[in-house]
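If you want the building blocks of each chain, they are given just below.
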Amino acid sequence: MSDLLHQLENNEAILLMYIAGELPDVERREVEQMLATDATLRSMYSELKSAWDASLEGIERVDASEAMVLSREAAARQVGRMVRQWHAGRMVAVKPAEVARKRGGVRMYIGMLSATAAVVLVGFLVWWGVMADPVRVTMGGNEMAARESSARPISGRDTESVRDTLDAIGLAAIVPVDPMGFSADGLDDVEKQASHLADLGKGSASTTDN
Amino acid sequence: MADTLESRVGAVGNAEDAARLRLVAASGAEPGVSGPSGGGVPREVTDEELVQRMRHGESAAGETLCRRYHQSLFRYLQRVTRSDGLAEELFQQTWLSVLEHLNRFDPAGSAGGFKAWLFRIATNKANDHWRSRGRQKNAYDGLRRITDDTAPDASAPLEGTEQVEKLKRAIETLPEAQRQVLMLRYYSGMKFVDIAAMLGCPLNTALGRMHKAVLKLKSVMEG
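So the sequence lines, in the order shown, correspond to chains A and B. So the first sequence is numbered by the numbering used here: it starts at 1 and just counts up by one. So the second sequence is numbered by the numbering used here: it starts at 1001 and just counts up by one.
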């Protein structure tokens, strides 16, 4: 007996599969051979076949006796409307997603531009800072000039010039003029206090001399 | 019920008359049969082709599919639910679900093709309904038995209908599991192997239910 027939628990199951025409050709022939040789199985088959036919006929008669509540055309129209609405709904759902994707692309582009500009600016400021550093400018060159430059105290004018540059490129409000926190005015104050102390020193020296 | 659906679905437009014309045979053939192909022999559009068209929003394809399976699907739901109103509601829910899951339908991976898939959805809808309304169903069944016994349908003709009424009642009183297998086999034409897989039971169980159901109906018809 083949695999499928083996799976079926009893003769009723085998015969139902046979009547329903769901057995492959090999198994079908096998059942036919069994029916040809087994009278009991043949009788069982006749009974089951008549019950099968009677049931299907019975359902058919019940169907024929009842009008369809929902006509075929009405149902088709309903389904047609469903399809149209479903499709329109899909289109509506797709469009915002596309717009969002495009917006996201523009935002990413602007972000990349901003990042590039920031990098260029920082690079410029670093370059400017290096060029303005008197020690580095004179490295390997004019030692005297270097000494003179380094000896010169930082004045408010230096920071003023940085501020002027930042003003020119519109970043004065963002970038600190002096990373140490000194402002140009603060440096001027220090200069004034130093000259005042020097004057006091001179004054006390002349008093002592006197 | 139709009004309910109309308000739910609404009209979106009717831009597919041309598509409808393509689907309906020019010479009075069944809807779902396209125009001539080859030597003038009408070629029936397959379910899979219609599904594909429906995916692109062709409402005429949906209408054709609906016409094709309207009777078997509606009758199946009628027999399983034993209620015209509920059958109509589940019919609509089934088609809505078809659209909802249309992109998941794979003709190659779905045994029995679109029809089996359609009936699977309908069966799930019916089962979901019974699960969610189990208590109401029991109450309804009890009420129905009482009203059926005490108040026969006065509008029904008396001659020739007695046996049909008995049959109908015999079908309705079949245990739900037996009725489902019998109706699925009759209306969907699905194989028992697929029915068993759909209902989540062994093949022998499905066959056993079918066996009992047909014997019972036969005894009613003979009685």
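If you're looking for bench data, these hints aren't it; they were derived computationally from the structure. Treat the hints with care, as some may be off.
[As the list claims (entries may be wrong)] When the alpha-carbon atoms are kept at most 30 Å apart in a straight line, the in silico BS3-like pairs for lysine-lysine are as follows:
| id | chain 1 | residue 1 | chain 2 | residue 2 |
| --- | --- | --- | --- | --- |
| 1 | B | Lys-1191 | B | Lys-1212 |
| 2 | B | Lys-1191 | B | Lys-1166 |
| 3 | B | Lys-1212 | A | Lys-102 |
| 4 | B | Lys-1212 | B | Lys-1166 |
| 5 | B | Lys-1212 | B | Lys-1115 |
| 6 | B | Lys-1191 | A | Lys-49 |
| 7 | B | Lys-1216 | B | Lys-1115 |
| 8 | A | Lys-102 | B | Lys-1115 |
| 9 | A | Lys-49 | B | Lys-1212 |
| 10 | B | Lys-1216 | A | Lys-49 |
| 11 | B | Lys-1191 | B | Lys-1115 |
| 12 | B | Lys-1166 | B | Lys-1216 |
Hint-by-hint comparison with the structure:
1. Straight-line distance between C-alpha atoms of Lys-1191 (chain B) and Lys-1212 (chain B) comes to about 18 Å, which keeps the hinted pair within the 30 Å bound.
2. This hinted pair checks out: Lys-1191 (chain B) and Lys-1166 (chain B) have alpha carbons roughly 28 Å apart, not beyond 30 Å.
3. Taking the CA atoms of Lys-1212 (chain B) and Lys-102 (chain A), the gap is near 63 Å; set against the 30 Å cutoff, the hint is violated.
4. In summary, the hint linking Lys-1212 (chain B) to Lys-1166 (chain B) is supported, as the alpha carbons are separated by about 17 Å, within the 30 Å threshold.
5. A threshold of 30 Å between alpha carbons decides the hint, and for Lys-1212 (chain B) with Lys-1115 (chain B) the separation of about 26 Å falls inside it, so the pair holds.
6. Proximity of Lys-1191 (chain B) to Lys-49 (chain A) is assessed by CA-CA distance (about 17 Å); at most 30 Å being required, the pair is judged to hold.
7. With a C-alpha separation of about 28 Å, the suggested pair Lys-1216 (chain B) and Lys-1115 (chain B) falls inside the 30 Å cut-off, and the hint holds.
8. In summary, the hint linking Lys-102 (chain A) to Lys-1115 (chain B) is not supported, as the alpha carbons are separated by about 41 Å, beyond the 30 Å threshold.
9. About 13 Å separates the Cα atoms of Lys-49 (chain A) and Lys-1212 (chain B), which keeps this hinted pair within 30 Å; it holds.
10. Of the pairs offered as hints, the one joining Lys-1216 (chain B) and Lys-49 (chain A) holds, with about 13 Å between alpha carbons and a cut-off of 30 Å not exceeded.
11. For the hint pairing Lys-1191 (chain B) with Lys-1115 (chain B), the CA-to-CA distance comes to about 12 Å; that is within 30 Å, so the pair holds.
12. Restraint check for Lys-1166 (chain B) and Lys-1216 (chain B): the C-alpha separation of about 12 Å stays at or below 30 Å, so the hint holds.
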